[in-house]
Amino acid sequence: MATSTLSQQDSRLAVHSLFKRARGGDEIAYLLTLASAVGILVIVGLIVVELWINSQPTVHRFGFSFLTGTRWDPNGDHFGALPFIYGTCVTSLLALLIAVPFGVAASIFLAEMAPPGISNVLTFLIELLAAVPSVIYGLIGIFVLVPFNRDYLVPVLTHLFGYLPIFKGDFYGVSFLSAGLVLSVMVVPFIVSVSREVLLAVPREQREASLALGTTKWETTWQIVIPNASTGIIGSIFLALARALGETMAVTMVIGNTPKITASLLSPGYSIAAVIANEFAEASGSLYVSSLIFLGLVLFGLTIVINALARIFVITTQRRGS
Amino acid sequence: MSHIVVNTLTILRTFVCVSEANSQLRFAQTGEQIQRMTNSTFLRGTWVKLTLVAGTALALTQPVLAQTTLTGAGATFPEPIYTKWFSQYQSIGKVQISYTANGSGGGIKAVTDGTTDFGASDMPMTDEQISAFKEKQKGSILLFPTVLGAVVPSYNLPGVSKPLNFTPEALAGIFLGKITNWNSPEIAKANGGVSLPDLKIVVVHRSDGSGTTFCFTDYLSKVNSEWKSKVGKGTSPEWPTGLGAKGNAGVSGLLIQQKGAIGYVELIYAIKNKLPYGNVKNKSGEFVKADLASVTAAAAALKAMPADFRVSITDEEGKGVYPISTFTWLLVPSKFADSSKEKAIVGFLKWAISSGQSMVESEDYAKLPASVVAQEQKQIGSIQ
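Chains as they are written, first to last, in the numbering used here: chain A, 1 to 322; chain B, 1 to 384.
Bear in mind the hints are in silico, worked out from the structure with no lab data behind them. For each residue, glycine too, the CB sits at the ideal point set by N, CA and C. Treat the hints loosely; a few may be bogus.
To be verified - Example chain B residues on the side facing chain A (calculated, C-beta under 10 angstroms, incomplete): (1) Pro124; (2) Thr126; (3) Gln129; (4) Ile130; (5) Ser131; (6) Glu238.
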């Protein structure tokens, strides 16, 4: 009886001291934030481990040749990932090629030139674009963009640049080009809203100092504000790239779902996310399922590699610049 | 210390009340009766306690939980009729059946893993899938044909209003990428009097794995040896040519926009969306339009139905038989650990193949022929 009272007292003391220490909050804040950060890492790690375990049949059967194989024949148990890797890269890069100039230009206008009222309304509208479900983008892609491409855009492109291999061949609407265009609209809001915030965060004193030296407004924007905000702008582009690489629904609706590698942007293709979404539900046989899971791991790896390459590119160019 | 005991007792007592309410509600026949019982004094008292302890949300779900519930997953093609059946049968058999249309492969997987009570598939389970089920669930799986469907060639050909006739050779040639123009002699031969345009053929196929694709490629494999050796049958084969579109909606979307396009869709989808579709030449040499009668005829033409119902009815021989037809199956384990579930599924199956069949045609599905129904009734008896 006596010991139990004692231990009760002990525990009360312990609780008391914990509360006392918590008033400062440092330890608790440290632990909570650490747990969150570690938690994210653990989840990522578990995803990789789970994908790796479930893709073992494919790893054993094909090994590295899975990454370079160009045939995808579930009936013949023949699986190769290259057409999907190619399609994912081509559509994402095309999307960035279109979205980055537009997105950055729009964010410069919204942050530096537009009156605040207009800027806020426009930013709100652009951010709305990010909230549109991707299936809606896909449907607009099929019923509006694809006919528009077929009737207006592609005839002009082939007339002007038909000699280039990227604009050769028949065009049926669904293609790398259509997928890239839909993706570019989908990723623009990420670039605009993040870049605008970053530009607005550049200290006012920097602009005033530059203007005081007699530069024009554009010179200040171009030479002072943008270099200051460049890290943030590049960050927004990474975000856009990640979104483009993983987009599934909208892409599968307009890309044509044909696992072929062709130089022409007018041809139909396929992407990793699209083939997983299309075939996973009906996949039968362990090799087929594990190949689709391995594709998921490949997409994961692809995202990391592309992000790393982009980061290295940024670091080297920045050093050269300064 | 003592107040904790009192609290626990109160909670326990409430649970007893809830289960009493459940047992009463289980015998409630219709919503009306439930309503009447809810108004009775006994239940009103129970509801008050429930509301106090567990909150209104829990109380509202009680009448539903009182019924036997079954879960199923699988084929999307029969989903409209299944949904109708399940909602009708809920009041007849006091069984609540929820169904997730996640594809035939998904249905086979779900019932094999035991995550649902039954599965549904547009293609018969393979030997490999059946032995996988046996290994996991330590029992056998029974296949029950429920309704019939068909796959039709649909196209976008400006200026051609009469349904086109397709021979098996023409269909295989088009989908192999060997016949590339609408005015080619292979197509013209079967369509005397129709002026076919000089237009490139654009093949459209499903990109998502699908029972529709399985039925169509199963047919092509039967009628064309080159198709069989080069492509074969499957839910997503390696297509020699053409564009892939997601779902029936994706295929019809491309068909509507692309002049010269040809694809294949489910008969019901073509009827409901008023897509033009062609006649197909059957084994007896007639060009047959797909409709409810010609699809049922395909099932009736089957000479010997195997005991396990695993059969393909594409390319059947007989008068008025539409050759790209298929059964769709419910996949039901032969043993249920829970006897109320077993009773519920037996009751439902009996109802679906008898009274349920009268609802089928209004949803544009073809009915089972009488011979199949008789054979299925025997199999229902083997569910334990």
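Here is how each hint holds up against the structure:
For proline 124(B), the shortest C-beta to C-beta distance to chain A is roughly 12 angstroms, which exceeds 10 angstroms, and the interface hint is violated. For threonine 126(B), the shortest C-beta to C-beta distance to chain A is roughly 7 angstroms, which falls under 10 angstroms, so the interface hint holds. Interface hint status for glutamine 129(B): upheld, as the beta-carbon distance to the closest one in chain A is roughly 7 angstroms, under 10 angstroms. For isoleucine 130(B), the interface hint is violated, since its Cβ never comes within 10 angstroms of a Cβ in chain A; the closest pair sits about 12 angstroms apart.
Among the interface hints, the one on serine 131(B) is violated; its C-beta lies about 13 angstroms from the nearest C-beta in chain A, farther than the 10 angstroms criterion. The interface hint given for glutamate 238(B) holds, since its Cβ lies 4 angstroms from the closest Cβ of chain A, which is under the 10 angstroms cut-off.
Taken one by one, the earlier hints fail for this structure at numbers 1, 4, 5, listed in ascending order.
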